[in-house]
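J.: Line by line, the protein sequences give chains A and B.
Counting in the numbering used here, the first sequence runs from 1 upward without gaps.
Counting in the numbering used here, the second sequence runs from 1 upward without gaps.
The set of hints was computed from the structure by calculation and includes no laboratory data.
Please read these numbers as outputs of a predicted model, since none were measured by experiment.
Don't be surprised by glycine CBs; every beta carbon is placed ideally from N, CA and C.
One should not assume that every hint holds.
To be verified - Only some residues are given here: those of chain A computed to face chain B with a beta carbon under 7 Å:
hint	residue
1	LEU159
2	GLU162
3	LEU163
4	GLY173
5	LEU185
6	VAL193
Stated by the list, open to error - To be clear about the criterion: a stretch of chain B counts as covered by chain A if any three or more of its residues have a C-beta under 8 Å from a C-beta of chain A, and this derived list gives those stretches:
hint	region
7	17-25
8	267-278
9	417-429
10	481-487
What the hints assert, rightly or not - Not close to chain B: a few residues of chain A, all C-beta gaps over 10 Å, as computed:
hint	residue
11	GLY100
12	SER184
13	LEU196
14	GLY211
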Amino acid sequence: MRELLLSLGVDRWVLPALLLWPVLAALLVRLIGRDASPAANGNAPSGSGPDARALTLGALVIEALMAVALWGVYNPDVRGWQARVDMPWIADIGATFSVGVDGLSLPMVLLTALVVPLALLGSWDNVKVRTPAFGALALLLTSGLIGVFVTLDLLLFYLAWELMLIPTYLLVGVWGAAGTSRASLRYVLFTLVGSLLMLVAIIALWNLGGGNTLHLDALREITLSPTAQLLMFLAFFSAFAVKSALVPFHTWLPDAQGAAPTFAAVTLGLKVGAYAILRFAIPLFPAAATNSTVRTTILVLSVVAVVYGALLAMTQRDFKRMISYSSISHLGFIMLGSFALTQQSVQGAVMSIVNSGISTSALFLLAGMLEDRMGTTEFKAFGGIARVVPWFAVMLTLVMLSTVALPGTNGFVGEFLVLVGTYAEEPVFAVIATSGVIFAAAYGLRALQMILFESLDGNRLGALRDLTAREKFVMTTFAVAIVYLGIVPQPVLQRAERASRDLVEAVRFGPNAPAPLPPVSLNR
Amino acid sequence: MSTMLSGGALLRALAPELLLSAGAMVMLLGTVWNPQGQDTAGAEGAERTSTIVRFGLVLCMLVGLVVVIAWGDGAAGTADLRIAGDGFRWAVDLVILLGTVMALVLVDADQQRSRAFSPEVPVLMLLAAVGMMILAAARDLMFVFLGIELMSLAVYVLAGVNRRSARGAESAVKYFLLGAVSSGFLLYGIALMYGAVGSTRLADIAQWVSAHNGLTPLFITGVALLLVGLAFKVAAAPFHLWTPDVYDGAPLPITAFMSATVKTAAFATFARIVVEALGPAAAQWHTALWWLAVVTMVVGNVFALSQRNIVRMLAYSSIAHAGYLLVAMVVGGTAATSTVVFYMVSYTLATMGAFGVLVAVNGGRDAAPTLDDIAGLWLVRPWLASAMAVFLLAFLGMPLVGGMGFFAKWYVLQAALQATVPQTILAVVLVVTSAISAAYYLMVVSAMFMRPRTEGAPVPGTTSLAYSLVAVAATAILFLGVYPTPVSLVARRASTSGAAAPQPSVPSKGGAPRVQAASLDVSPSAPRVVH
Numbered sequence: 001m002r003e004l005l006l007s008l009g010v011d012r013w014v015l016p017a018l019l020l021w022p023v024l025a026a027l028l029v030r031l032i033g034r035d036a037s038p039a040a041n042g043n044a045p046s047g048s049g050p051d052a053r054a055l056t057l058g059a060l061v062i063e064a065l066m067a068v069a070l071w072g073v074y075n076p077d078v079r080g081w082q083a084r085v086d087m088p089w090i091a092d093i094g095a096t097f098s099v100g101v102d103g104l105s106l107p108m109v110l111l112t113a114l115v116v117p118l119a120l121l122g123s124w125d126n127v128k129v130r131t132p133a134f135g136a137l138a139l140l141l142t143s144g145l146i147g148v149f150v151t152l153d154l155l156l157f158y159l160a161w162e163l164m165l166i167p168t169y170l171l172v173g174v175w176g177a178a179g180t181s182r183a184s185l186r187y188v189l190f191t192l193v194g195s196l197l198m199l200v201a202i203i204a205l206w207n208l209g210g211g212n213t214l215h216l217d218a219l220r221e222i223t224l225s226p227t228a229q230l231l232m233f234l235a236f237f238s239a240f241a242v243k244s245a246l247v248p249f250h251t252w253l254p255d256a257q258g259a260a261p262t263f264a265a266v267t268l269g270l271k272v273g274a275y276a277i278l279r280f281a282i283p284l285f286p287a288a289a290t291n292s293t294v295r296t297t298i299l300v301l302s303v304v305a306v307v308y309g310a311l312l313a314m315t316q317r318d319f320k321r322m323i324s325y326s327s328i329s330h331l332g333f334i335m336l337g338s339f340a341l342t343q344q345s346v347q348g349a350v351m352s353i354v355n356s357g358i359s360t361s362a363l364f365l366l367a368g369m370l371e372d373r374m375g376t377t378e379f380k381a382f383g384g385i386a387r388v389v390p391w392f393a394v395m396l397t398l399v400m401l402s403t404v405a406l407p408g409t410n411g412f413v414g415e416f417l418v419l420v421g422t423y424a425e426e427p428v429f430a431v432i433a434t435s436g437v438i439f440a441a442a443y444g445l446r447a448l449q450m451i452l453f454e455s456l457d458g459n460r461l462g463a464l465r466d467l468t469a470r471e472k473f474v475m476t477t478f479a480v481a482i483v484y485l486g487i488v489p490q491p492v493l494q495r496a497e498r499a500s501r502d503l504v505e506a507v508r509f510g511p512n513a514p515a516p517l518p519p520v521s522l523n524r
Numbered sequence: 001m002s003t004m005l006s007g008g009a010l011l012r013a014l015a016p017e018l019l020l021s022a023g024a025m026v027m028l029l030g031t032v033w034n035p036q037g038q039d040t041a042g043a044e045g046a047e048r049t050s051t052i053v054r055f056g057l058v059l060c061m062l063v064g065l066v067v068v069i070a071w072g073d074g075a076a077g078t079a080d081l082r083i084a085g086d087g088f089r090w091a092v093d094l095v096i097l098l099g100t101v102m103a104l105v106l107v108d109a110d111q112q113r114s115r116a117f118s119p120e121v122p123v124l125m126l127l128a129a130v131g132m133m134i135l136a137a138a139r140d141l142m143f144v145f146l147g148i149e150l151m152s153l154a155v156y157v158l159a160g161v162n163r164r165s166a167r168g169a170e171s172a173v174k175y176f177l178l179g180a181v182s183s184g185f186l187l188y189g190i191a192l193m194y195g196a197v198g199s200t201r202l203a204d205i206a207q208w209v210s211a212h213n214g215l216t217p218l219f220i221t222g223v224a225l226l227l228v229g230l231a232f233k234v235a236a237a238p239f240h241l242w243t244p245d246v247y248d249g250a251p252l253p254i255t256a257f258m259s260a261t262v263k264t265a266a267f268a269t270f271a272r273i274v275v276e277a278l279g280p281a282a283a284q285w286h287t288a289l290w291w292l293a294v295v296t297m298v299v300g301n302v303f304a305l306s307q308r309n310i311v312r313m314l315a316y317s318s319i320a321h322a323g324y325l326l327v328a329m330v331v332g333g334t335a336a337t338s339t340v341v342f343y344m345v346s347y348t349l350a351t352m353g354a355f356g357v358l359v360a361v362n363g364g365r366d367a368a369p370t371l372d373d374i375a376g377l378w379l380v381r382p383w384l385a386s387a388m389a390v391f392l393l394a395f396l397g398m399p400l401v402g403g404m405g406f407f408a409k410w411y412v413l414q415a416a417l418q419a420t421v422p423q424t425i426l427a428v429v430l431v432v433t434s435a436i437s438a439a440y441y442l443m444v445v446s447a448m449f450m451r452p453r454t455e456g457a458p459v460p461g462t463t464s465l466a467y468s469l470v471a472v473a474a475t476a477i478l479f480l481g482v483y484p485t486p487v488s489l490v491a492r493r494a495s496t497s498g499a500a501a502p503q504p505s506v507p508s509k510g511g512a513p514r515v516q517a518a519s520l521d522v523s524p525s526a527p528r529v530v531h
């Protein structure tokens, strides 16, 4: 299979295509897509042509197929970038169109490319008005999401990073619940402050590198003074921490996700910030990332996020907000694994990013299905519906178990690796974080109980529709992924292994490594 | 060195300006031929204005061609170093002509429905453009003053061109009075500098400055007054108070012209004076300019937050943008000149496009559009709203969706961080205030996209010429946001000819004298954060 793909030259065009196709498709959807709904403002529905939603879905499926092809051509036994493409771009500042994947980014690319079409399909009736614009924005957002994972040039990365912002802003503000423009504005302002500081750091780094390259590999070779490293690391970290909603920068996330249409809530839940920390913040500034004050602070914040997020999730009255807080809690695990910096913990962090992408997305889709049926996601509006909607109940239970990291589901593998890896270096943090697993069980089961069990209000909920065939298909896909990765996590782990070992080695022995070497525990 | 110059050399050096003024005179004759009285029917007057506007468009493009040819020929300016013939002049000329062409299109679009304009308006705009081009070329403070006055007198009239509007009259009077005061400052500064140096040529001033380490109080006072005068013209805080009122009162196309093109010219001469004449004396004005930049960025962005009138908001936003460019001024050198050129291309495109949308929304009313007027624009005119969003995001400096605006900010930040002493604090202030600016730009975006259309609000529309202007501006911004190289190459070649002066004391050969900021301990920006 790999030979066939290689003979087609897939590795030479697939990454640029993954980036540019959604942009092209966005234009296409906006221009020829038909708004299926009768327009609310009295205007005639815009023109003829294929249904915009179907077009968008088609474009996203093509994107997913390309990502699968990328997975197919990837050789897990080779180190370094694969499917790499470098093209000249802006000569006078030395920026190049450089894209490539390694074991760290490949699972993210596949995850994103698969989750996005499923999210659209799973929330098919969530957005009914002005679908051409919705589809175009969704595609632009996809390009930004994929771009963050595959770009190797820091300017290109910054463009992709910021490309996520405005489409999300519009998706949340236009198609979200009424009066949400404030929530989406808060999202933009929070993330903008962080990312603009990162821009200053990128330019400063570029300048120190001689002002003729912005390639990640070249910038990693620059020798930096500890102060410069520290300031730049903080600038990068602020951008990524805000985007990934690390406590205490998390306040925007529940508001935005609670208000967002299902599709945008799912994409907001993908942990791009956590990936960017592993890809950029730590390798570029290893001495700062392992500086004991910085590292301890971040580890403390991570553990606080694990426990605090879980505790807040326990007290939420709204299902969507509960999912947000559970995702904040998961982010704590990911950060803990990333900054514990042992090979296992980093591998676990990568696995957890993937898991959280799967289970949080599935939860938001399920919440969206409830919302589409009942117009609300408050717990008190439900109860006992397991008897009415068995399919929904089974799926929700399975996804929730994955969220609380039950052994046998994917969630367990990631968190277990994180905890084991962290215990080797930072036993105290690992022990505290383990308690987060218990709290997770508490909020997860509480949610299950309040929605599915307890007494049923037959008048209101008796006629609740179970999953449609389309929804069954989407949720079954997620369920298969959850179980498969829980039992056979090797495909992801194997690819992440080399990348995470490279990362840990580079941080401890690279050109910018901290001077006194800390005790090394590479093989645990 | 002879200071006398043959008439022929002067004519050659000023050929584009002369062509433009001659054409403007011919157009003026055209308007006199059949004067428009107060009672002329709107339609007929509009028709004639339209014709004259089209004539002006062709003329501007012709002059642009002359400029390109002059640049390509390596025209050298005058031998007495009073008129520059360097890349910076030609590049700025092109930006000015671009802005003038676009503003003329806006005038044409607005006058179809508004009775504000008379056929003299395009002529006055061209005369203002002549003044601006002289400003771009001036390497002598007397020429600077000449250019500023020629430009300003025309713009004073333009601000009050709507004789039926009380707001317009108020705006024009305010502009005239404050502008006259600022010209007074400028002239006084020039006089004092002449008293200190004995010449008004920038080259002589530079020579004198590098020969005198301890500058005389006379000279320093002169520089201070000159900076105040220039700060008035570029609307830097705290000399910005006229800006919102004047922009608000003037007709929309004139506001666009003032906000983009007048500012381009003012910054061009500002940059030339800072780089060519005052470069060696950086110590004396560096701190002042540093604070001016910080205050301008903060004031512009913070005051814009509370505006509901979009024109006033854009006025404060233009103050903020002046602040961003002042960051480049603080850095000085070739970085400043090429940054000004690149930034102003982006800013001109975005401003003209945004005002094009506002002209369409306003439909010729004598009132500035507010957020309520633009609410729900997306529902009735989706492409117009999307274009407006692009322009606003370009102001904000958002990459890709804001296109070229991002690279404009990038080059300013690059200049700040590449300076001999990296201006890290200025860069951080710039990005933090930019993040603040997102709040008000996105307020307009959210009004357009997330609010329902006001009941009974008319569906915006404008001429096909203005539609194409909006489309071209948006497309150019988006394209240059992906591939900025064409403009950045032009901007790179746009260095001043400081080194062409045959004085041995000018520090660097083949480039402008760089700001010798390394020895500055007085500057509050001194902390060297990045090693």
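J.: Decide, hint by hint, whether the structure agrees.
T.: Status of each hint after checking the structure:
Of the supplied interface hints, the one on A:LEU159 holds, with its beta-carbon coming within about 5 Å of a beta-carbon of chain B, less than 7 Å. Checking A:GLU162 against chain B by beta carbon gives a least distance of about 5 Å; that is within 7 Å, so the hint holds. Because the smallest distance between the Cβ of A:LEU163 and any Cβ of chain B comes to about 5 Å, under 7 Å, the interface hint for this residue holds. The interface hint given for A:GLY173 is met, as the beta carbon of that residue sits about 5 Å from the closest beta carbon of chain B, less than 7 Å.
At a threshold of 7 Å, the smallest CB-CB gap from A:LEU185 to chain B is about 6 Å, leaving the interface hint in force. Satisfaction of the interface hint for A:VAL193 is found here, the shortest Cβ-Cβ separation to chain B being roughly 4 Å, below the 7 Å cut-off. Using a Cβ-Cβ cut-off of 8 Å, 0 residues of the region 17-25 of chain B lie near chain A, which falls short of the minimum of three, so the contact claim is violated. A stretch counts as covered by a chain when three or more of its residues have a beta carbon under 8 Å from one of that chain; for the region 267-278 of chain B and chain A the count is 0, and the coverage is violated.
Taking a C-beta to C-beta cut-off of 8 Å, the region 417-429 of chain B contributes 6 residues in contact with chain A, enough for the three needed, and the coverage statement holds. Coverage of the region 481-487 of chain B by chain A holds in this model, with 3 residues showing a Cβ closer than 8 Å to a Cβ of that chain against a need of three. Annotated as non-interface, A:GLY100 keeps its C-beta farther than 10 Å from every C-beta of chain B; the closest such distance is 20 Å. Chain B draws A:SER184 into its interface by the beta-carbon criterion, the shortest separation being 8 Å against a cut-off of 10 Å.
At roughly 4 Å from the closest C-beta of chain B, the C-beta of A:LEU196 falls inside 10 Å, breaking its exclusion from the interface. Annotated as non-interface, A:GLY211 brings its C-beta within 10 Å of a C-beta of chain B; the closest such distance is 7 Å.
Violated hints, listed in ascending order, are 7, 8, 12, 13, 14; each of the other numbered hints is respected by the structure.
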